[in-house]
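Counting along the sequence shown from 1, when you hit position 89 you're at 89 in our numbering, and nothing is skipped either side.
Derived by calculation from the structure, the hints in this document are not laboratory data. Treat the hints with care, as some may be off.
[Stated by the list, open to error] DSS-like cross-link-like pairs, simulated, lysine-lysine; straight-line CA separation at most 25 Å: (1) K92 with K26; (2) K92 with K76; (3) K92 with K24; (4) K24 with K76.
[Claimed, not checked] Pairwise CB distance ranges (calculated): (5) R50 with L102: 19 to 25 Å; (6) H83 with E45: 34 to 40 Å; (7) T75 with A98: 28 to 34 Å.
Where a beta carbon is used, it is the ideal one built from N, C-alpha and C, also for glycine.
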Amino acid sequence: MASTTELITTAIERFIGEVPALAKLKLVFRLELRGRGDVQVFRVELPGPRITRGEPDDARVELMLPRAEFNELATKGVLADWHEAYDHGHVKSGGDSAIRQLIANLVIRQEARSQLRRAR
1 MASTTELITT AIERFIGEVP ALAKLKLVFR LELRGRGDVQ VFRVELPGPR ITRGEPDDAR
61 VELMLPRAEF NELATKGVLA DWHEAYDHGH VKSGGDSAIR QLIANLVIRQ EARSQLRRAR
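Please take these sequences and the hints and turn them into a complete structure.
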């Protein structure tokens, strides 16, 4: 089993691989992974990623999800899986609404581009 920081790095690399526009984004976000009676909090800085354990003071966005769901999404999830998990409430976000809206727009545009490529 990979360490948590390796899983976070894998998840970010896979997500940015599918949405290349996010690679240019400079952002610090708080990642909260909830397990059985345990909550792990990480500070994730992009680009990089630079990951440290602990409560970030400068996070602009928060991402909260169950640890089991994160493990699945980090190793096998594609953009559509992340989007579905968010739509069903498994992945929750908070923080600066302008940055969250920017990320949402980038994801939606990339999904539209992917569908256009498949349609041809």
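The hints, checked one at a time:
Of the pairs offered as hints, the one joining K92 and K26 holds, with about 21 Å between alpha carbons and a cut-off of 25 Å not exceeded. Between the alpha carbons of K92 and K76 the distance comes to roughly 19 Å, so the proposed pair stays at or under 25 Å and holds. For the proposed pair K92 and K24, the alpha carbon gap of about 23 Å is at most 25 Å, so the pair holds. Distance check on the hinted pair: K24 and K76 sit about 24 Å apart at the alpha-carbon level, within 25 Å; holds.
Distance hint for R50 and L102: a CB-CB separation of about 21 Å, consistent with the stated range 19 to 25 Å. Judged by the Cβ atoms, the range 34 to 40 Å given for H83 and E45 is violated: they are separated by roughly 24 Å. The supplied range of 28 to 34 Å is met by T75 and A98, whose beta-carbon atoms lie about 31 Å from each other.
In summary, the one numbered hint that this structure violates is 6.
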